[in-house]
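Novice: The primary structure of each chain is shown beneath.
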Amino acid sequence: MLKPNVYQEPSKRDYEQIPGTIVFDGRRATAGYALNRMCISLNSEQNREKFSKDAVSYMNKFGLTVEQREAVMKRDWLRMLELGANIFFAFKIAIVDGLTMQHVAASMCGLDIAEYKAMMRDGGRGL
Amino acid sequence: MNRIIGGIGTSHVPVLGATIDGGRTETDEWKALFDDYVPAQSWLSEVQPDVAIVIYNDHASAFSLDMLPTFAVGVAAEYKPADEGWGPRPIPTLKGDPDLSWGMVESLVESGFDITVCQQLDVDHGLTVPLSILWGQPESWPVKVIPIAVNVIQYPLPSPQRCLALGRAIRNAVSSVQGDSKILMVGTGGMSHQLQGARAGLINTPFDRMFLDKISSDPDSLAAMSVSDYIREAGSEGAELIMWLIMRGALGPNVEKVHSAYHVPASNTAAGMVVLADK
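The listed protein sequences derive, respectively, from chains A and B.
Going by the working numbering, the residue at position 57 of the first sequence is 57; the numbering climbs one at a time, nothing skipped.
Going by the working numbering, the residue at position 74 of the second sequence is 201; the numbering climbs one at a time, nothing skipped.
The hints are simulated quantities; they were obtained by calculation from the structure and are not laboratory data.
Fair warning: there could be bad hints in the mix.
[Unchecked claim] The calculated lysine to aspartate or glutamate pairs, modelled on DMTMM-like cross-linking and capped at a C-alpha distance of 25 Å, are:
| hint | chain 1 | residue 1 | chain 2 | residue 2 |
| --- | --- | --- | --- | --- |
| 1 | B | K158 | B | E173 |
| 2 | A | K61 | B | D210 |
| 3 | A | K117 | B | D249 |
| 4 | B | K384 | B | D405 |
| 5 | A | K117 | B | D340 |
| 6 | A | K53 | A | D25 |
| 7 | A | K50 | B | D193 |
| 8 | A | K117 | B | D177 |
| 9 | A | K50 | A | D112 |
| 10 | B | K207 | A | E45 |
| 11 | A | K61 | B | D193 |
| 12 | A | K50 | B | D249 |
| 13 | B | K207 | A | E67 |
| 14 | A | K50 | B | E173 |
| 15 | A | K74 | A | D14 |
| 16 | A | K53 | B | D210 |
| 17 | A | K117 | B | D155 |
| 18 | B | K406 | B | E173 |
| 19 | B | K406 | B | D356 |
| 20 | A | K50 | A | D25 |
| 21 | A | K74 | A | E49 |
| 22 | B | K384 | B | E173 |
| 23 | A | K117 | B | E383 |
| 24 | B | K158 | B | D148 |
| 25 | B | K207 | B | E237 |
| 26 | B | K158 | A | E115 |
| 27 | A | K53 | A | E67 |
| 28 | B | K158 | A | D122 |
| 29 | B | K309 | B | E173 |
| 30 | B | K309 | B | E383 |
| 31 | A | K12 | B | D356 |
| 32 | A | K117 | B | D162 |
| 33 | B | K406 | B | D249 |
[Said to hold, decoys possible] Stretch-level coverage of chain A by chain B, calculated; a stretch enters the list once three of its residues show a Cβ under 8 Å from a Cβ in chain B:
| hint | stretch |
| --- | --- |
| 34 | 37 to 47 |
| 35 | 56 to 63 |
| 36 | 68 to 76 |
| 37 | 81 to 88 |
| 38 | 92 to 102 |
By construction, the Cβ of each residue, glycine as well, lies at the ideal position given by its N, Cα and C atoms.
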């Protein structure tokens with residue numbers, strides 16, 4: 001769904017060759033603008049309450065795409081990033097849920113939280 | 128004359144701030160890491176800086192994607208801790224130094240750094256966690272603070288070369304401003320970590336050790352790498368390390384390494400520190 005960059009084909013960009021890594025560039029910032037605006041609005045306590053009570057109505061005010069709304073409702077963090085969310089913006093939703101960044105990171109790499117914590121205690125994922 | 132007395136590079140992991148705020152630094156999980164910050168605290172009480180120029184990145188707190196400056200300098204009289212989603216951290220408001228800030232801004236723009244100027248800037252964990260690491264839980268901060276925010280969350284990031292050059296321009300800038308302040312540079316972020324994608328949890332200890340060594344002895348070699356090199360080696364969020372180059376650039380060519388520390392993990396991150404005294 002991302003349009004090719006006008007300056008260089010995305011597939012030719014060196015950072016696109018880094019495995020398992022989504023670099024938040026202009027194409028993603030464009031696709032994710034509304035979603036990221038919704039996320040940063042959760043810096044306000046009032047908005048966090050509104051989002052907690054009725055996430056669908058709350059999201060409707062920001063013009064998210066159907067796919068983005070679904071990804072948020074499922075808390076599919078990896079999908080949110082693929083659809084243009086920036087990790088630090090998406091994390092605002094996790095804060096409302098009472099989750100830590102470890103939960104989000106574990107979910108994106110397909111581990112449960114205990115496995116992920118054990119991996120980190122053992123020195124993390126190697127290159 | 129204003130002079131830079133040294134620089135500190137340190138990670139700014141949120142969990143470290145929460146651990147200090149919650150009074151848990153002496154627990155089994157955290158004691159070894161926090162004990163390793165003591166030499167930095169002792170050095171600070173010896174050299175007594177008046178002002179800390181803190182290079183940090185905002186994490187969706189003060190800057191939305193509506194407007195995201197590549198380099199921004201705070202010129203305010205005070206800075207409040209931001210509400211990042213948990214409510215603001217229970218720490219004192221930071222005092223700024225508007226005269227020094229504005230003087231720096233003039234000098235930086237004159238030297239070709241067309242920076243953004245901020246009169247209102249709530250600061251998030253990127254800036255406040257390092258303050259807590261260095262000074263604990265004081266009733267008021269023992270230094271004035273000048274925040275310099277760097278975009279490291281939306282590509283394109285400034286090049287490592289440009290970061291080192293900005294540091295060097297800051298060295299000229301502070302000495303061009305009237306005053307007699309002892310200034311500490313703080314470069315924050317890193318070390319290796321990746322919070323996203325299938326590679327989440329990445330830690331690259333050999334890279335971090337190399338970086339901790341070269342930041343004092345050969346920063347030009349670190350500036351010669353590309354942003355993509357940093358993302359590949361240190362992780363998508365480990366690329367924050369380019370902010371340490373701004374700190375290092377503001378020091379003289381020869382520095383004395385007072386202390387360094389390295390712990391894995393702090394949450395998702397390799398937590399590193401280096402303390403460099405200007406010679």
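Novice: Please list, smallest to largest, the hint numbers that this structure does not respect.
Specialist: 3, 5, 6, 8, 9, 13, 14, 15, 19, 20, 23, 25, 33, 35, 36
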